[in-house]
Structure formats: structure tokens, C-alpha cells
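Visitor: Residue-level listing of the chains:
Number of protein chains: 2
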Amino acid sequence: MVQTQDELFESQLEAVSDLLASRRYLELRELFSDINCADTAQILEELPQEKLPLVFRILPKEDAAEVFSYFDSDTQEHLIRAFSDQELKEVLDELYIDDTVDMIEEMPASVVRRILEIAPQEMRHSINQILHYPDDSAGSLMTTEFVRLKRDMTVEEAFVSIRRTGIDKETIYTCYVTENDRRLVGLVTAKTLLLSDSDALIEDIMEDNVISVSTHEDQESTAQMFNKYDFLALPVVDTENRLVGIITVDDAIDVIQEEATEDIEKMAAISPTDKPYLKMSVFKTFLSRIPWLTLLMLSATFTGYIITAYEQALDKLVILTAFIPMLMNTAGNSGSQASVTVTRGLSLDEIEFRDLPRVIWKEFRIAILCGITLALVNFLKLYFLDQVGFHIALVISLTLVVAVIAAKVIGCALPMLAKKIGLDPAVMASPFITTIVDALTLVVYFQIASMMLGI
Amino acid sequence: MVQTQDELFESQLEAVSDLLASRRYLELRELFSDINCADTAQILEELPQEKLPLVFRILPKEDAAEVFSYFDSDTQEHLIRAFSDQELKEVLDELYIDDTVDMIEEMPASVVRRILEIAPQEMRHSINQILHYPDDSAGSLMTTEFVRLKRDMTVEEAFVSIRRTGIDKETIYTCYVTENDRRLVGLVTAKTLLLSDSDALIEDIMEDNVISVSTHEDQESTAQMFNKYDFLALPVVDTENRLVGIITVDDAIDVIQEEATEDIEKMAAISPTDKPYLKMSVFKTFLSRIPWLTLLMLSATFTGYIITAYEQALDKLVILTAFIPMLMNTAGNSGSQASVTVTRGLSLDEIEFRDLPRVIWKEFRIAILCGITLALVNFLKLYFLDQVGFHIALVISLTLVVAVIAAKVIGCALPMLAKKIGLDPAVMASPFITTIVDALTLVVYFQIASMMLGI
Chain A
1 MVQTQDELFE SQLEAVSDLL ASRRYLELRE LFSDINCADT AQILEELPQE
51 KLPLVFRILP KEDAAEVFSY FDSDTQEHLI RAFSDQELKE VLDELYIDDT
101 VDMIEEMPAS VVRRILEIAP QEMRHSINQI LHYPDDSAGS LMTTEFVRLK
151 RDMTVEEAFV SIRRTGIDKE TIYTCYVTEN DRRLVGLVTA KTLLLSDSDA
201 LIEDIMEDNV ISVSTHEDQE STAQMFNKYD FLALPVVDTE NRLVGIITVD
251 DAIDVIQEEA TEDIEKMAAI SPTDKPYLKM SVFKTFLSRI PWLTLLMLSA
301 TFTGYIITAY EQALDKLVIL TAFIPMLMNT AGNSGSQASV TVTRGLSLDE
351 IEFRDLPRVI WKEFRIAILC GITLALVNFL KLYFLDQVGF HIALVISLTL
401 VVAVIAAKVI GCALPMLAKK IGLDPAVMAS PFITTIVDAL TLVVYFQIAS
451 MMLGI
Chain B
1 MVQTQDELFE SQLEAVSDLL ASRRYLELRE LFSDINCADT AQILEELPQE
51 KLPLVFRILP KEDAAEVFSY FDSDTQEHLI RAFSDQELKE VLDELYIDDT
101 VDMIEEMPAS VVRRILEIAP QEMRHSINQI LHYPDDSAGS LMTTEFVRLK
151 RDMTVEEAFV SIRRTGIDKE TIYTCYVTEN DRRLVGLVTA KTLLLSDSDA
201 LIEDIMEDNV ISVSTHEDQE STAQMFNKYD FLALPVVDTE NRLVGIITVD
251 DAIDVIQEEA TEDIEKMAAI SPTDKPYLKM SVFKTFLSRI PWLTLLMLSA
301 TFTGYIITAY EQALDKLVIL TAFIPMLMNT AGNSGSQASV TVTRGLSLDE
351 IEFRDLPRVI WKEFRIAILC GITLALVNFL KLYFLDQVGF HIALVISLTL
401 VVAVIAAKVI GCALPMLAKK IGLDPAVMAS PFITTIVDAL TLVVYFQIAS
451 MMLGI
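The listed protein sequences derive, respectively, from chains A and B.
Number 165 in the working numbering belongs to position 165 of the first sequence; there are no gaps in the numbering.
Number 331 in the working numbering belongs to position 331 of the second sequence; there are no gaps in the numbering.
Please note that a few of the clues may not be correct.
Copies of the same chain look alike in the list, so a pair counts if it fits in one copy or across any two.
[What the hints assert, rightly or not] Taking lysine to aspartate or glutamate pairs in the EDC-like style, the calculated list, with each CA pair at most 20 Å apart, reads: (1) Lys228 with Asp250; (2) Lys228 with Asp74; (3) Lys362 with Glu352; (4) Lys362 with Asp274; (5) Lys191 with Glu170; (6) Lys381 with Asp230; (7) Lys316 with Glu66; (8) Lys228 with Glu350; (9) Lys228 with Glu7; (10) Lys191 with Glu157; (11) Lys228 with Asp63; (12) Lys381 with Asp135; (13) Lys228 with Glu258; (14) Lys150 with Glu179; (15) Lys316 with Glu105; (16) Lys228 with Asp254; (17) Lys381 with Glu77; (18) Lys420 with Glu10; (19) Lys284 with Asp72; (20) Lys169 with Glu77; (21) Lys316 with Glu145; (22) Lys419 with Glu14; (23) Lys284 with Glu105; (24) Lys420 with Glu50; (25) Lys279 with Asp63; (26) Lys169 with Glu156; (27) Lys51 with Glu122.
Keep in mind that the hints were calculated from the coordinates and are not lab data.
As the structure is a computational prediction, the values presented were derived from the model and not from experiment.
Take the sequences, apply the hints, and build the full model.
Guide: Structure below.
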């Protein structure tokens, strides 16, 4: 039987701990050369922190920088503080420039200063260039290390150029063709190069309708382009269409995961954070949650005022109180089904604002089906099982129909309107809509009750 | 200024419609050869359906199959029904085998039969092989078209082999080295090949610790491996470690998106669907929503029984009713913050079951901070602003502290326990926990009220 990845990881971790405890460093180095760098990074993070600098120095030279790039920022900072200037320089030389920038963004000022002092002139220039783009923009995701070809090269010359410079480039599988003023005019994939005659001219085999993003494009829509076009890399251009960098598919995957997590957090009334759960301090997690909890608590007291306003009516028929939670929950669930579906559709570019009438009409019909089904189930249960009396069962069932319809229509429309005016649909999606729907449900309930029961 | 992708798309759509209306088919074909195939597919889907077969025949031959692979299944089915056998065969010959299988999975039986009749023997064999793996497994995601090398080949021989067969392979950037019995022994990237001497032996330059998945591995954890290791392709092996296919990164991205959508839907009490929102019929959307709505409505009536049980107490102090929705909402929100965070952490492999004590202890401390803050804000508001009286304000604030702590601890623990016993954490995450937390909050509220107010 083949081992699963989890079993393999556990056995590797144990082997590393054993060799380390018995100080068999040569065997340890050999073991590491057989382990994927991402796994090595994970194993090292499981070891006691004070062992880390020692073990890192044992790693095979050619793996060290790649392992380093997989560490989380706390581990990176800890290591940099333990590094000599020479060691730091060696790691920096081997890191891809976008990984260096990702790391710098998380470091305290003193560490950043030290890195920039040690980095050679050219690297410092590239770092500063990428750092200057806004967070969450295509420019901040890109790397400046890519293969640049000229249109009058032959395929053979292109291969020579790739062989000469390729080792330091993040990808050689998509090569970009630029004019002397750095304007992007085409691209050639390594596949095309390999399948072409060696004396063919680049301009004859290149793809000349190149899809690119501008440096200021939002990272979410940039990542969506990878999803849509199945790219391995995407060129980033400035306002004059000059090629300034490329984004590779691995970074697009990170963004897709990050944006999905952000949407999920916002729908659950949490301010998005960029650290994994177990790495966040209790106090920081508290801070990401308490503003929304407080706001929603205060806005929920609004429902209390509505109940108080109908206190006299309730006094006469306390049994009505017993159904408030069920009505509010059901309407709330109906609303978030609609809002969450629409919000996700907006994120994936499946729904546009111009679809608003179509979406409302669709939700309206779904709501009628849902409302009637729920009302029927509820009426049968109340009348025959709970024996609450015909009129009360009718009031509650009618409230359900109206509340579900209102909840679904509001639920689908609010996120779309929010996006249109530049607000965040995910924030609208769940917490806010629940509060609005709760208040509405109560008013509908008490109105119908007053009319039908004469209280 | 550079056009944005949206503007470009709108102008292309308009140009296509104009040329089509004036029957300038030659110009239309030229225009299509300048448009990316994913965009062409999207443009064609915006056109009236009866024009589709005509326009599809206008497409440049080399683009047709790729455009076809980007269509949604309704459009594919419509086109296949309009195709002659010859046309269908031409498209099938050009499609990658995994795209063919994706398509077949969505087609009605009569269309599948026709496809399998037309497909050549070897293709039919591969299709049947992939179809036989369970949905959502690595085997069902893979393609059987990849570059296979032998360990005793030289780099030059490898290039000859790639040039001969590469045109039909989904990727040539990762080549797999197998023994004669098809056991996987190594991999070589195109980058390594390009940077090596042409007479080097494959076995000397290949990576021999190959990370692979088994055909039955779940698609979600398979996709997570792309995220972790930054792969462009991942080999799929059977139980004897024989290489049967590969998964490419574009399919991993689709899975990542799909799984995030599924989690979001489950958290919002929707049965996951695999069609985009606007393509689903009203009735099917209704069916994906109503079971959960009904179940949650019926379980919410449980809270009604609790209220009825305390009816006499409430009768004496109707004002207590007014705070029920606020208390239930706040506890519910606190619980889903914890459960949603933990569920997402489980999906991203950031949290394992063995972290349970750590997670509970963390949530407990967060809950104390949140509970006290909320209780304080609430007490001040009730006592000074709403002037409800000291004892009632105290009852409500104490209930908040207890309910928030219970909600967060249950909220974090339930999804982890669910995953451990093989249930879906995302289903636990929100709808279920809200119901449990609601009932608990009411009991706590009435107990504290009875004790402190003597009712």
C-alpha cells in the first residue's frame, strides 16, 4: 500500500526529531534532500524554536531559500534575527523577488532596514518598485523576474537566452516579447518554442493578442482571470502598456483562497484577518469579532422596541411570544440563503448588476414556493399536533409566507445594490440582512395578528 | 489608456453581433482569431441560441475545440445535437480527455451513447477508465494525456519524444519517468531539461521523491496539495504505484473555487449545487433550499416549547420577552463566528483534530472577553438609556456572558467533532449551531431570571 501524505509527514517528522536528538547531522542533511521543501518547512516549524537556526544551517544549500519562502512570517523573522549578514545575503540571493517582498511586508522596520542594506542595488530597486503598489493590487503580487524575448530573435536564440537567464526566473514556460521601449507586443510559450523549427522567428510564432492586467487592478479580479483563462502566468503592464512584471499561477491560487476566506469571514460578521487562526493572539481575534457583535447586538435591540410597542397585545395572548424565535429564524435563514448565493455569484463574476431584475424575479418565485411549503408544514403541525387553534395557526402560517418572500427579495437585492455603490456585498450578505429581516418579520407578525385576532 | 477587460469584452461582443447581422463571415472568422478562446466562448453564449451552430462553424479550426471546452453543459449539448457525426468527431479529436469526460458527465444518456459510438477505441477506453472513478475523487479529475519518459533516455531523446507527442498532451512542462511496468519512479520538469546538457541521462537529472495522489483521494485534499506545493501538475497513481494519469493546475483551481462555494452554501443552509445560480431552474433552486429551511423551522419550534414552559413566569413580566430576540441573535452570532472560523481552518488544513483542546481554550478566553464587553455595553444602555431597572438589566447582562461563552465553545467544538466522526463540518458550522445555541440561551435566560427576580 502507498502511504498517505499525512502518514508520510508524521514519519518524516519523527525521523528528523530522532536524528536531531542524537546529533546525526550528516544523515539529517541527507534525509532533508529527500523531502519536498514545503514539507521540510512544515517539519521545521514543528520543532522547538531554539533549534531552528541550527537545523536551518544543516539544510542542503540548494533547498535553504525555498524552504525559507514557505515559513510563516514569525519563523522568518526569528531566523533573520539569528542570521549573520552573510547568511542573510545568501538566502536573499536565492529567493524569488515576490517572495522577498511578501516577507518584507510582514517584518518590523528594523528587520526591513537590515534587509535593504544587505540587498544589492538592483534587488533593492525591484523591491521598492513592488512595495510602492497598493496592497491587494496586481502590482503588489507580481515578480519582476521573467524571460523577455525580442521579436527578431530566432527560436534557437530564444533557447540560448532562456538557458543563460532562466535559472533565476520564476517561470520560463511563458516568455514575453517586448519592444525596445519595453512595450509588451506578444508572448511565446515554451511549448510553442519546443514544437517550432529552430530558425523560426519569434514574431512569426508569437501570440500577439496578449491578455494583461494593469498594475492597479484589484487582486481578486486578477486571480479570477487565471480561473477563466487557465493561464500559468499573467503579464502586468503600466498605463503605457510597458511590461513591468508577471504574476504566476501559484500566487493566484493563494489569492483565490484568501478572498474566499475573507468572504466567509465577512458573512459570519468577522473582520477579515490575514493570519491563520491558531497563529492569531486571543486579543487580536477578540478585536476582529467584537465590533460586529456589538453593532449587531445594538441593532437587535431594535426588535425589542417593536415587541415592547406591542406589549399590550402580547399581554392578552402570551402564546404569540412562543413563535417569535421560530418565525425570525426561518425568515433569517431564507434571507441568508438568497444573500449568500448572490454574494458568491458576484465574487465569481457569475452575476452582474444588470442581472438585478432577473435575480429578484427568480428569488420571488423561489420564495413563493418556499413560503407556501413552510406555511403548510407549519399549519399542519400547529393545528393537528400542537392543537393551538385554527386562527393562531393561520396567523403564524400567513406570517411565514409574507416574511419568507420579503426576506428572499431583500436578501438577493441588498448585496447587489451594495456592490453597485461600492460597498462590500459580503458584509451585507448575512449579519445585516438578518437584523433587517428580524424587524420586518415582527412587524408583519403583529400586524397580521392584530387584524385577524382583533387584539 | 489601456482598455479594461470588461470594456474590451463589450466591444468585442458588439463587433461580433454587427458582423454576424451583416453576414460578413470572413471578417468574423478573422476577428475570432484575435480573441482568446475563453472570451470567444463567453461571446457565443451571449448570442441567440439558434445562431450558435452557424457561428461555431465560422470559428478558426484550431480554436473550435478549445472554445467548445469553455461552454457550459447546456450550450455543449445544444451544439452536439446540431453537429454532424463528422463535426462531432473533429471536436472530440481535439478536446483534452479530461474535458471530454467533464462534458460527458453532464450529458443525457442518448448524447453520451452517440459520443462513445463516434470516439475511436483508445479514446473510449480512456473515457471509461476515468468515468469509473467516484465523483470528487482524484481519478475523476485526471487526464490520461501526459508525457512519459524512460530513465535511460538522454535529454536529447527526451526532447525528441516531447516534440513527437507533445502537441496532444495537456502539459509538457512536467514529464514523468516510469518503469516498464508503469510504476512511477521520477519526474523531470521542462525547465530542468532545458537547463541540462543534451547528453545527460534522465535518471541522473530526475527528481526521484515524487509526491503523488492515489486515484481515490478526495478532490478537496488533492487541490490543497497544489496550494501547498505550488505544483503545475500532480501525478495520480493506483494502489501499486502505477502512473495512471495527471491532474493539471487549472483543474485544481476549479476544485478550489467549487469547494469554497460548497462550504459557503452549506454554512448558509443550502444543499450544494454544481450549476451557476442564473443557470439553475427556479424549481431546482427551491429543492436545494427547502429541506434545510423545513428542518431548521421544525427544530426552531423547540425554542417555542421552552418559552411555553416558562409562560407563567413571562405572564408576570412581559418585558422579559422583549429581550429574547437580542439575546438569541447575539449568542447565535458569537457561535457562528467561532464555528465558521474553525470550519474554514479545517478546510485549509490549518487546524487538525488534535488541536481541539487548544481551540477550545482559545475560544473560551475570546468568549470571556466578548461576553464581558457585550454585557457591559448592554448594561449601560439598559440601565441608563432604556431605564429598565437594575435587576432586569443585571439578568440580561449575566445571560449574555453565559450564552456567549457557551455559544463560542460549542461553535468551535462541534465542527471538529463532526469532521472526526466523518460528518460534514460545514453543515454543522452555522445552521445547526444556531438552533442549539438558541435553545440554550433561552434556558439560561429563564433560569437566571427565575433565580434573581423570584418569578
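Visitor: Does each hint fit the structure? Answer for all of them.
Guide: Hint by hint, here is what the structure shows:
no., hint, in the structure
1, Lys228 with Asp250, "both (15 Å within a copy, 9 Å between copies)"
2, Lys228 with Asp74, "between (35 Å within a copy, 18 Å between copies)"
3, Lys362 with Glu352, "within (15 Å within a copy, 40 Å between copies)"
4, Lys362 with Asp274, "between (36 Å within a copy, 18 Å between copies)"
5, Lys191 with Glu170, "both (17 Å within a copy, 10 Å between copies)"
6, Lys381 with Asp230, "neither (52 Å within a copy, 54 Å between copies)"
7, Lys316 with Glu66, "neither (73 Å within a copy, 70 Å between copies)"
8, Lys228 with Glu350, "within (11 Å within a copy, 27 Å between copies)"
9, Lys228 with Glu7, "between (35 Å within a copy, 16 Å between copies)"
10, Lys191 with Glu157, "both (16 Å within a copy, 16 Å between copies)"
11, Lys228 with Asp63, "between (33 Å within a copy, 16 Å between copies)"
12, Lys381 with Asp135, "neither (54 Å within a copy, 39 Å between copies)"
13, Lys228 with Glu258, "both (18 Å within a copy, 13 Å between copies)"
14, Lys150 with Glu179, "within (7 Å within a copy, 41 Å between copies)"
15, Lys316 with Glu105, "neither (63 Å within a copy, 60 Å between copies)"
16, Lys228 with Asp254, "both (16 Å within a copy, 9 Å between copies)"
17, Lys381 with Glu77, "neither (62 Å within a copy, 44 Å between copies)"
18, Lys420 with Glu10, "between (49 Å within a copy, 18 Å between copies)"
19, Lys284 with Asp72, "within (17 Å within a copy, 44 Å between copies)"
20, Lys169 with Glu77, "neither (25 Å within a copy, 43 Å between copies)"
21, Lys316 with Glu145, "neither (76 Å within a copy, 75 Å between copies)"
22, Lys419 with Glu14, "neither (50 Å within a copy, 25 Å between copies)"
23, Lys284 with Glu105, "within (18 Å within a copy, 46 Å between copies)"
24, Lys420 with Glu50, "neither (52 Å within a copy, 33 Å between copies)"
25, Lys279 with Asp63, "neither (25 Å within a copy, 48 Å between copies)"
26, Lys169 with Glu156, "within (19 Å within a copy, 23 Å between copies)"
27, Lys51 with Glu122, "neither (34 Å within a copy, 55 Å between copies)"
When held up to the earlier numbered hints, the structure conflicts with 6, 7, 12, 15, 17, 20, 21, 22, 24, 25 and 27 and fits the remainder.
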